[in-house]
Amino acid sequence: MSDFNKKSLSEFVNLIKSKKTSSLEITNHFINNIKQSKKLNSFITTCFDQAIKSAKEFDSKKNSSGLLAGVPLAIKDLFCTKNIRTTAGSKILENFIPTYESTVTNNLWSEGAILLGKLNCDEFAMGSSNETSYFGNTINPVGKDLVPGGSSGGSASALAANLTPATIGTDTGGSIRQPASFTGTVGLKPTYGLCSRWGIVAFASSLDQAGPMTKNVEDCALLLEAMSGYDEKDSTSINKKKENYSTNLNEKIKGLKIGIPKEYRIENMPQEIDNLWKKGIDILKKSGAKIVDISLPHTKYALPTYYIVAPAEASSNLARYDGVKYGYRSKKGKNLIEMYENTRGEGFGDEVKRRVLIGTYVLSSGYYDAYYLKAQRVRQLIKNDFDQCFKEVDAILTPSTPSSAFKIGEKTNDPISMYLNDIFTVPVNLAGIPAISIPAGHDKKGYPLGLQLISRALNEQKILNIALAMEKNISFKQSLDRWWE
Amino acid sequence: MSIDKNQVKKVAKLSRISLDDSKLDSLSKDLDSILNFVKELNKVDTNKIKPLSSIVDKKLEPRVDKINDGQIKKEILKNSPDKNEDFFIVPKVVE
Chain D
12 MSDFNKKSLS EFVNLIKSKK TSSLEITNHF INNIKQSKKL NSFITTCFDQ
62 AIKSAKEFDS KKNSSGLLAG VPLAIKDLFC TKNIRTTAGS KILENFIPTY
112 ESTVTNNLWS EGAILLGKLN CDEFAMGSSN ETSYFGNTIN PVGKDLVPGG
162 SSGGSASALA ANLTPATIGT DTGGSIRQPA SFTGTVGLKP TYGLCSRWGI
212 VAFASSLDQA GPMTKNVEDC ALLLEAMSGY DEKDSTSINK KKENYSTNLN
262 EKIKGLKIGI PKEYRIENMP QEIDNLWKKG IDILKKSGAK IVDISLPHTK
312 YALPTYYIVA PAEASSNLAR YDGVKYGYRS KKGKNLIEMY ENTRGEGFGD
362 EVKRRVLIGT YVLSSGYYDA YYLKAQRVRQ LIKNDFDQCF KEVDAILTPS
412 TPSSAFKIGE KTNDPISMYL NDIFTVPVNL AGIPAISIPA GHDKKGYPLG
462 LQLISRALNE QKILNIALAM EKNISFKQSL DRWWE
Chain U
1449 MSIDKNQVKK VAKLSRISLD DSKLDSLSKD LDSILNFVKE LNKVDTNKIK
1499 PLSSIVDKKL EPRVDKINDG QIKKEILKNS PDKNEDFFIV PKVVE
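Sequence lines, in order, name chains D and U.
According to my numbering, the first sequence is numbered sequentially starting from 12.
According to my numbering, the second sequence is numbered sequentially starting from 1449.
So that you can see chain U by itself, here it is in the shape it has in the complex:
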């Protein structure tokens, strides 16, 4: 077994996803079977191999540091589920 129910709960907490208790059994089973499936990679010898993180063989190009947007406050706030004047509104975080 690669992952148990308590670990699934912990990962869900880290992922900021609330889980329905009634679905925990089947979800744990699914995640366990996926993790067992990917464990196949342990059979590959990768001792001298460097990890490949980007397939594009180029360095990030520097650009001139100038403002090319700006003045788009309205656009940025347009899709917010809760806003007040120029601010996003969130539940209270400081008592």
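Only chain D is shown next, with the shape it has when bound in the complex:
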């Protein structure tokens, strides 16, 4: 059914609910696509037998309710799934089989979705190209030699290649929005606390958020609605009424004020990105929005702040991998301490080691004030910048990334050049606010580029509405020749 490759998540839900198609038929379609996609390496684990069984069970039920009724989904391998291996892209968790389910994935299954498999990602979500995964790098379906971005690179690749009708990722510094931008898909990082972090393999706890990755804005609203919600098991979960993002979605944006931050016009930014930004501004103007020049003066300090805060939190979060309670254990070492050291030395990849070492260094006695406390103070200033701007504007428009997808191996020898990829996405995580990346055009090489909309905390509906209005006017098209099959 090649026709299925053109359908969106919302369309699949409607097809199943109206009994025009069965869950089994759709599940088999995606399983066939996945079987032919080995070249992309976007999956770490598949669970086809279980998916077929679940689909049959769904079809035999009389009542096909649920926001995601009978739709199969593959998800990032950072979400713990009960009795299904969960690796976080790391050797240290290569054989880890959770005995519990993450709250976010549990929400998806409660709404009728079915698990297809677990998607490749950078090790412990630390990376911007999917090249730090122990399970090998994922390929971007846009081009044989291109990275899909990261860390939710497997998710973006699988979505763009029609191996799943939608997916979920996590975003600590851009890990949903940057791969979405690199693959011509939609990705949303929700307000910190909107989606439960319980059962997600932790990277940097004050920054991590799960979010939807979809083919269009309508699907994005639907999936966000399904996955979000208060959870008493996450102490930072926001206790508020569940929103109906999909039913409240509309493109009325007349009169809204959209800010354009001058600090995002960075040196050496490709002309194409600047042109794309201007195109976005024009579309917003035509839709009746008012464009306002704004300033976020501490923008250039966001990346250095992030590269203190995130590794610091990672170094304490990853202390749990000790080879005792779960995960890989080295056979080398004469005593307990040597066992710890060898387990972590053999179990972690280079980027994870770099970050744990940096984190331990900035938290260590004598450096704590100069690095960690300093970064937390600058983080406050970055948040203040946004608070100040949102007194004046409803949302902010920026490019999602400073470039289109780059080549595999191009940036692996220089950590800083890799980190610079997240220059437009990181400030949002530090401030805990929501942002969405939507595909907005192509560069001269034909690679997709994205635009980002940012708003104040819990204002997801507004950025979804603006994104919907922009999507209609941009009419982004992507046709991939399925070279990987």
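Keep in mind that the hints were calculated from the coordinates and are not lab data.
From a predicted model like this one, the values you see are computed outputs, not experimental measurements.
It cannot be assumed that every hint is accurate.
Partial chain D-side listing against chain U, Cβ under 8 Å, derived [unchecked claim]:
1. 108
2. 204
3. 246
4. 315
5. 316
6. 319
7. 351
8. 356
9. 364
10. 377
11. 379
12. 382
13. 384
14. 388
15. 392
16. 443
Per the computed footprint, the stretches of chain U lying under chain D, defined by three or more beta-carbons under 8 Å from a beta-carbon of chain D, are [to be verified]:
17. 1474–1485
18. 1500–1506
19. 1523–1529
To give an idea of the interface, some chain D residues facing chain U are shown, with a C-beta separation under 7 Å as derived from the structure [claimed, not checked]:
20. 203
21. 312
22. 318
23. 337
24. 387
25. 391
26. 429
27. 431
All C-beta atoms in this analysis are idealised placements derived from N, C-alpha and C, irrespective of residue type, glycine included.
Using the hints, position chain U against chain D.
Using the frame of chain D, we list chain U on its own:
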């Protein structure tokens, strides 16, 4: 230079990560360039600014102190690389 090879070895010890000597040069170089990159923050005046440690503007809510799991010994031990009956096994720590 922000960090030298001896400091990297010390931090690795604190982090309980064994390092391959052949990789020490390139790792020290990487860590040094990252630390130089983040030193940019010294240019910001933060004199009167309080550190932001949590972005969520709420106090931790108290809950009733009652057992809501328990009886999951098997599940807890299931993923252990080495276990014996109800215990995790580790290399000998007392001579």
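Consistency of the hints with the structure:
Interface restraint check: residue 108 of chain D against chain U, minimum CB-CB distance 6 Å, threshold 8 Å, status holds. Because the beta carbon of residue 204 of chain D sits about 5 Å from the nearest beta carbon in chain U, less than 8 Å, this interface hint is met. The interface hint given for residue 246 of chain D is met, as the beta carbon of that residue sits about 6 Å from the closest beta carbon of chain U, less than 8 Å. Because the closest C-beta pair between residue 315 of chain D and chain U is about 4 Å apart, less than 8 Å, the hint holds.
A least Cβ separation of about 7 Å between residue 316 of chain D and chain U falls short of the 8 Å threshold, and the interface hint therefore holds. Hint status for residue 319 of chain D relative to chain U: holds, with the closest Cβ pair at about 5 Å, below 8 Å. With a cut of 8 Å, the hint placing residue 351 of chain D at the interface with chain U holds, because the nearest CB-to-CB distance is about 4 Å. With 8 Å as the threshold, the beta carbon of residue 356 of chain D comes within range of chain U, its nearest partner Cβ sitting at about 3 Å, so the hint holds.
Look at residue 364 of chain D: its Cβ gets to within about 6 Å of chain U, closer than 8 Å, so that hint holds up. Checking residue 377 of chain D against chain U by beta carbon gives a least distance of about 11 Å; that is not within 8 Å, so the hint is violated. A cut of 8 Å between beta carbons decides the hint on residue 379 of chain D: the least distance to chain U is about 11 Å, and the hint is violated. At about 7 Å, the closest approach between the beta carbon of residue 382 of chain D and any beta carbon in chain U falls short of 8 Å, and the interface hint on this residue holds.
This hint holds: residue 384 of chain D has a C-beta 5 Å from the nearest C-beta of chain U, less than the 8 Å allowed. With a cut of 8 Å, the hint placing residue 388 of chain D at the interface with chain U holds, because the nearest CB-to-CB distance is about 4 Å. Annotation: residue 392 of chain D was flagged as interfacial toward chain U, and the flag holds, the nearest CB pair being 6 Å apart, inside 8 Å. Evaluation of the residue 443 of chain D hint against chain U yields a held restraint, the C-beta minimum of about 3 Å falling below 8 Å.
Coverage of the stretch 1474–1485 of chain U by chain D holds in this model, with 7 residues showing a Cβ closer than 8 Å to a Cβ of that chain against a need of three. Coverage of the stretch 1500–1506 of chain U by chain D holds in this model, with 6 residues showing a Cβ closer than 8 Å to a Cβ of that chain against a need of three. Counting residues of the stretch 1523–1529 of chain U whose C-beta lies closer than 8 Å to any C-beta of chain D gives 6; at least three are required, and the coverage claim holds. A least Cβ separation of about 5 Å between residue 203 of chain D and chain U falls short of the 7 Å threshold, and the interface hint therefore holds.
Here the hint on residue 312 of chain D is kept, as its CB sits about 6 Å from the closest CB of chain U, short of 7 Å. Interface hint status for residue 318 of chain D: upheld, as the beta-carbon distance to the closest one in chain U is roughly 5 Å, under 7 Å. The criterion of a C-beta within 7 Å of any C-beta in chain U is met by residue 337 of chain D, whose closest approach is roughly 4 Å, and the hint holds. Satisfaction of the interface hint for residue 387 of chain D is found here, the shortest Cβ-Cβ separation to chain U being roughly 3 Å, below the 7 Å cut-off.
For the restraint placing residue 391 of chain D at the interface with chain U, the shortest Cβ-Cβ distance is roughly 4 Å, inside the 7 Å limit, so the hint holds. Against a cut-off of 7 Å between C-beta atoms, the interface hint on residue 429 of chain D is violated, since the closest Cβ of chain U lies about 11 Å away. With a cut of 7 Å, the hint placing residue 431 of chain D at the interface with chain U is violated, because the nearest CB-to-CB distance is about 10 Å.
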